[in-house]
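Engineer: Now for the letters of each chain:
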Amino acid sequence: MTTREMTYVKAFNEGMHQAMAEDPDVFLIGEDVAGYGGVFHMFDGLLDAYGDKRVKDTPIAEQAIIGLGVGAAARGLRPVCDLMFMDFVGVAMDQIFNQAAKMKYMFGGAVSVPLTITTAGGAGMSAAAQHSQSLEAWLAHVPGLKVALPATPYDAKGLIVGAIRDDNPTIVVLQKKMLGVKGPVPEEIYAVPFGEATISREGTDATIIAIARMLPEALKAAEKLAADGISVEVIDPRTVQPLDTETIVTSVRKTNRALIVHEAVQFGGIGAEIAAQIQEEAFDYLDAPVARLAAPFAPVPYAPVLENAYVPDAARIEQSVRRMLERN
Amino acid sequence: MTTREMTYVKAFNEGMHQAMAEDPDVFLIGEDVAGYGGVFHMFDGLLDAYGDKRVKDTPIAEQAIIGLGVGAAARGLRPVCDLMFMDFVGVAMDQIFNQAAKMKYMFGGAVSVPLTITTAGGAGMSAAAQHSQSLEAWLAHVPGLKVALPATPYDAKGLIVGAIRDDNPTIVVLQKKMLGVKGPVPEEIYAVPFGEATISREGTDATIIAIARMLPEALKAAEKLAADGISVEVIDPRTVQPLDTETIVTSVRKTNRALIVHEAVQFGGIGAEIAAQIQEEAFDYLDAPVARLAAPFAPVPYAPVLENAYVPDAARIEQSVRRMLERN
Amino acid sequence: MATPTEAEVTPATRELVLDLHRRMVRIRRFEESSGKLVETGEMPGFLHLYVGQEAVASGVMSVLTDADQITSTHRGHGHAIAKGAEFRPMFAELYAKTTGYCKGRGGSMHIVDMNRGMLGANAIVGGGIPIAIGAGFASQYRGDGTVAVSFFGDGATNIGAFHESVNMAAVWDLPVIFVIENNGYAEFTSQERHMKLTDIAERASSYGIPGVIVDGMDALAVRQVALEAVDRAKRGEGPTLIEAKTYRFFDHQGIKGMRIPYRDPAEVEAWKSRDAIRLIEAIGVERGLASAEEFERIWAEVEDEINDGIEFARNSPDPDPADILDDVYTV
Amino acid sequence: MATPTEAEVTPATRELVLDLHRRMVRIRRFEESSGKLVETGEMPGFLHLYVGQEAVASGVMSVLTDADQITSTHRGHGHAIAKGAEFRPMFAELYAKTTGYCKGRGGSMHIVDMNRGMLGANAIVGGGIPIAIGAGFASQYRGDGTVAVSFFGDGATNIGAFHESVNMAAVWDLPVIFVIENNGYAEFTSQERHMKLTDIAERASSYGIPGVIVDGMDALAVRQVALEAVDRAKRGEGPTLIEAKTYRFFDHQGIKGMRIPYRDPAEVEAWKSRDAIRLIEAIGVERGLASAEEFERIWAEVEDEINDGIEFARNSPDPDPADILDDVYTV
Ligand SMILES: Cc1ncc(C[n+]2csc(CCOP(=O)(O)OP(=O)(O)O)c2C)c(N)n1
Ligand SMILES: Cc1ncc(C[n+]2csc(CCOP(=O)(O)OP(=O)(O)O)c2C)c(N)n1
Ligand SMILES: [Mg+2]
Ligand SMILES: [Mg+2]
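Protein chains in written order, with the numbering used here: chain A, 16 to 343; chain B, 16 to 343; chain C, 214 to 544; chain D, 214 to 544.
Source of the hints: derived by calculation from the structure; they are not laboratory data. Keep in mind the model is a prediction, meaning the values are calculated, not measured. There may be inaccurate statements among the hints.
[Stated by the list, open to error] Rough simulated footprint, nothing fancy, chain B against chain D, three-plus residues with beta-carbon under 8 Å: (1) 273-281; (2) 296-302; (3) 420-432; (4) 459-465.
[As the list claims (entries may be wrong)] For the chain D half of the interface with chain A, some residues (derived, Cβ under 8 Å), not all of them: (5) Thr253; (6) Pro257; (7) Ala369; (8) Ile372; (9) Tyr398; (10) Ala399; (11) Glu400; (12) Tyr475; (13) Asp477; (14) Ser529; (15) Pro532.
Beta carbons: idealized from backbone N, C-alpha and C, even for Gly.
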C-alpha cells in the first residue's frame, strides 16, 4: 500500500471522494459544500466528481439539513450532512439527539440511521465565542450517537470513511487548526474503527489522554519530558463515543498516573468521564489523582493573548505532568 | 416564620407568585402557561393575579420564546421563559448556550442577562424517549449558565425565587415525578442561593451525592442501611452549576467513600464531573473508587418494566453503597 | 390557493367510500378504546387522540401505497392506522409489550411501521417535518416514483423546523406533501392567539409552492387534493402545502372533558355535527353506493378487530429488562 | 407590498443628506481600512464587510434614537457605525484591546454598544432575530415608545429563528422592524438557489404583517420605509418586514477577490455603478442641497477619525490573561 504525506484536510477530502466512489448511496449536503467545496475546502472537487445530484448546497437551515439526512438514512441512503462549525449544533440539536440518535431505539430496532454529520471544531483562530467551541461532551452523552475527533491526517481519512460505512448516526469533528497539518496517508480507501484508541507514543511514567488537537501538543510535551528522562505514554482516543476505556485503563495500570487534556471547558468536559472511569477501573494502581487540563470555565475569547491562555498547549501539558509526578 | 406542608409544585407556584408580586419587571411566557397554568400546573393562577401583559401564552416557537427572554433581559426585564419539557432544549439550544449564556462575556461585560428558564425533567411516567430526559450535564457544561434541580418543595420555591433574582441566565429543572411530593415550606418569600449544597442527612461511613429526584431515593436507602448500622451522609447539590464542591469534598474526606446517583445516562453525566472532582480533591481520603449509579446508555424506554430498570432507585442505591463498603 | 369544488372531486365509487369508511372507523374505534384503557389504568402513558380528524389521514392515505412514506406527530395513531397499521402490534405497543410495533420501547408517541412506510410518530412538535423531506429526497434520489407526506398541526406551523423544511423541499422540488391538520388549537391555545392568519395555506406563498385548503371533515375532498398534490410531486414539480380544516373531538390529551373551558361547547357541537364518518355514510347511502347495513358491518368487523387486538396485547409478554441496551446501536 | 415612489420620499433636506452621507462614508472607510488591516495581519480574526450595503443601515438608523434597539449579524460593523458607534472602541475591539467595545473578548462578530441601543452583532445566522423581539417586547412592556430593529440577510430568512420570531412579534403586535438586507447571496449561494421567491418581502404574508420592498442603494428611500414602519410600530400596529435590495461589493469575507466565480463580474459592476454614497452625493449636488466640497470634507473628516481610531487602538493595552474569567457571570 502506497502512503503519501498529506495534509489533514486533503486526507479527509480523499476519504470523502473514495467513500462516494465506492457507494452510490452516499450523498453530501450542506451550506456551500458544493460550488465552494466547503468553507474549509473539506469537500473540494466532490461536485465535479459526483455531480449536483449527490453534492448539494442547501439554504441556511440546519434543522432541515440534519433532518433530511435522518429521513434519507431511514430509507437506506448514506447521507453526509455538513454543519460547517461545531458551534452550530445548537440550531440543529433536536434533529441530532432526539431524532437521529433515538430513532432506532424508540422504534424497537425497526430502523437504522446511517447518517454522518461533519463539522469543524476548536479554537485558536480568533473566531471568538460562537465559532470556536469544542462540544464533544454533549454529543458523547447521547445514546445512539457515535463521535469521532480525528487528530491525524490518517484518522481524518479513516474516520470519515468509517463513519460513512457505519450503520449508526456518527459525527466527525474536524479540527480547524489542524487542517494544514501533514502526515502519512495510504492511497487506498480504509476505515478507522470507532472505539479503538491509538497509543501514539509508548511510555512508562505517566499516561496522557489527549483529545483531538491536543494530541500534537501532548506529543511535543512528551518529547520535552523525555529529554529529562520522563517517559510518557500518549493515547489518542480517536472516538469519544464509543470510548476505548480498555486501552486507557491498561495504560494507566502500567504508568499509575493519568492526565487528560482537551480544548473544551473542563467542567463537564469529556475529561470528566474519562477521569471517572479511570479511577473506577484503576483505583488501586493510581499514584496520584487523575488530572485534567482543559479550558477555563469561560466562553472562547477573541483576543489572541486570551485565546492562547485559554487553550492548553505543550508547555502547560508538560507542567501538568511534572506536577503529577511530584506527587507520590 | 410560618411553615406549611405543601406539594413541590405548589411550592414552586408560590415562589412564582411571590417573585412576580415583588418585582413588576418579572414576566412569564411559554406554551399554555397563562390560560392553562402550564401543563404541570406550575403556573396556576398567575394569569389571574398578574394579567395578560405579564403572563403570556406563546406560539410553539421555543427559539423565539428563549430569544425573546434574552432580548428582554438584556434590556433589564426579568423574563421567565418556560420550556415545558426539558427534552425540548434541543429546539432552543442556540439561544440558550450561544446567546443567553455568552452574551455578557462576548460583550466584555457590557450587559447582564437576568433570564430564567423553567422546565420539567425526569423519567418515570412512561412518556418515552423524547419526554423523559435529564440533560443537566449539557447545561452545566455551558459557561455563563446556572442550573438548579430542586429536590424538595422548599427548594422548588427557593430556587425559582433565587433564579429570578439572579442577574445571570438560570435554568430551573422541576422533577415531573416529584410534583406531588410534600414538604415544609415557609410562607414568606425566600431565595435558595445557587452553589450551596444541602447535607440532607448526616453520616460517617459513605457519602451519597443525589441529584434531583434521586434525593428521596437516596434518603430511603440511607434509612435502610442505618438499620444495619451503616451510617450514610446524603448530599443534595441543589444546583449543578455552580456546584458546591466544597461541601461534597468535605463530606467525602470524612466518610472516605462516595456514590453519585442521577437519572441521566451515566456516560458523560454530571456524575462524571463530580467523581472527577472528588478524586482530585480527596484522593488520599478515598477507601474505594468514587462510584456512580445512573441510567444505562440508552434512550428512556416506554415500557414501565424497562423504565423501572432504567431509573436508579432506593434498592439499587442501597446495593451500590453496600458494594462500595465491601471494598477497603 | 384553491378549494376543490364538489364537481372536481374523485367520483365516489362504492369501493372508495367503503375503503375510506373502514379507515376512519378503524381509527375512531382504536382511539376510543385505547383512551378508555389508559383512563382505567390498564395501559400506561398518555394519549393524544385523533378522533374527529379521521378524514384527513384516511383521505390522504387512500392515495398512497406502502412504498410512499409518511411522518407523523404526537397525535399519530390515526396516521398509522390509515396507512394500514394492524391493531395487534398497535395495542401491544400501547400495552408496552414486546409484540408491539416498537417492542414496547416507544409507546403512543413513537408508533412506527416501516413495512408500510410509516416513518414514525414524533413527540417533538415539528420534529417529523425535516425527516419527511429526507424521505422525499430519497424518492427523488432513487427516482422510484414514491412520495413522502408529512402530517402536522396548526401549532406546528409556527416552529422553525416547518419553515426550514418546506423551503428546502421547495428549492429542490422534492416530492413531498405537507399536510397541516388545522384543528384550530395548539394544545389549549387557539389559532388566532398563535398566528395572525385564518388560512395557514397562505404560508405556501413564502416558499413559492401551491397552498390548498380543504374541508378536513370530508374524506373524499381530502383525497382529491392529496391526489393532485401527489401527481404534482410525481411530475417533479415539487411540494404542495395542504391545509385541512378539521377538529379534534376530545381534549388535547386523553378522553376526559376539558379541564379549562378553552373551547366553546357550541363550537365543539358544531364540528361534531359534521363528523367525517357520518358524512361519508350519508354520501354513500344518498348516492346509492353502499347501504347502512354495509357500514354497520364495517363497525362490527372493526369491533372484532379491536377485541382481537386488545386480547393479543394483553397476552403478550413484557419486555425483559435484560435487553434494555438492545437496539441503541446497529451492530 | 409597496415600494415608495419618489414623491412620497422624505424631503431631502441639506441636513439629512449630509447626515446620511456621513454615516455611509464612516462605514465605507471603516470597512476598507479594517479589511486592509486584517489582510496585512495587523489585526486578528476575519471580517464580513458591509461595503455596498451602507444605505440600508444608514437609512434605517437615521430614524432611530439611542433608546431604540437593534440586533445585527456577522456583517455587523455597518449597523454599529450607523447607530453612532465610535471608531476608537470599534478599532480597539478588532485589535483585541481592552479599550474595545467588548474589551477584546468579542471581536468583529460581537461588536456591541449598549449605550446606543446596539444589542450586538451575532455570529449565528438568525441568532439576533429572537433577541430583537425581546427588545421590542421590553418597549411594549414598558410603554416607553421605543422600537427594536433586527437586521439580517436574505440567507437568514430561511432559518427557523426568523420564522418563529416574526410570527411571535406579529401575534403580539410588538414594535419590531425586521430588515432583510437582500444582497442576493448567502455566502456563495445565490438567492435563486436558496429560495423560490424573488421578493422576500412576500414572506410577510405568512405572518399577517406588511412587507415592503425598497431600493437598498438609496438611503433616502430606505429612510422613508423605515420611518413608516417605525410609526406603525409606535402606533401599536405591530411589526413590518422590510426587504432592502442591496449588494455587497467585497467577497463574503475579507477584501480579497472571489476564490470561485459565483458572481458575474458584470453583475458586480452594475451594482457598483449604483453605489449608495455616490448616489446621495449626486442627489445632494443636483438638488442644490450640498456641494461637492462639503461631501469631500466629510470624506476627509472621516479619514482623520479613522486614523485617530487606529492610532488609539494600536496604543491600547492587550487584555490580561489573568482576567480571563471576568464577566462570565454577573456577580
Ligand atoms: C418542540 C415542542 N414544543 C412543545 C411541545 C408540547 N406540545 C405537544 S403537542 C402541542 C400542541 C401541538 O399543536 P398542533 O401542532 O396544532 O397539533 P395538535 O395537538 O392540535 O394535533 C404542544 C405544544 C412539544 N411536544 N414539542
Ligand atoms: C446558524 C448558522 N449557520 C451557518 C452559518 C455560516 N454563515 C455565516 S454568514 C452565512 C451567510 C449568511 O447569508 P445572509 O443571511 O444572506 O447574510 P450576508 O452574509 O449576505 O450578509 C453563513 C451561511 C452561521 N454563522 N450560522
Ligand atoms: Mg392543532
Ligand atoms: Mg445575503
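Engineer: Against this structure, judge whether each hint is valid.
Structural biologist: Outcome of the hint check:
no. : hint    : result
1   : 273-281 : violated (count 0)
2   : 296-302 : violated (count 0)
3   : 420-432 : violated (count 0)
4   : 459-465 : violated (count 0)
5   : Thr253  : 15 Å, violated
6   : Pro257  : 4 Å, holds
7   : Ala369  : 7 Å, holds
8   : Ile372  : 5 Å, holds
9   : Tyr398  : 10 Å, violated
10  : Ala399  : 5 Å, holds
11  : Glu400  : 5 Å, holds
12  : Tyr475  : 6 Å, holds
13  : Asp477  : 14 Å, violated
14  : Ser529  : 11 Å, violated
15  : Pro532  : 5 Å, holds
Hints 1, 2, 3, 4, 5, 9, 13 and 14, counting from the list given before, are not met by this structure.
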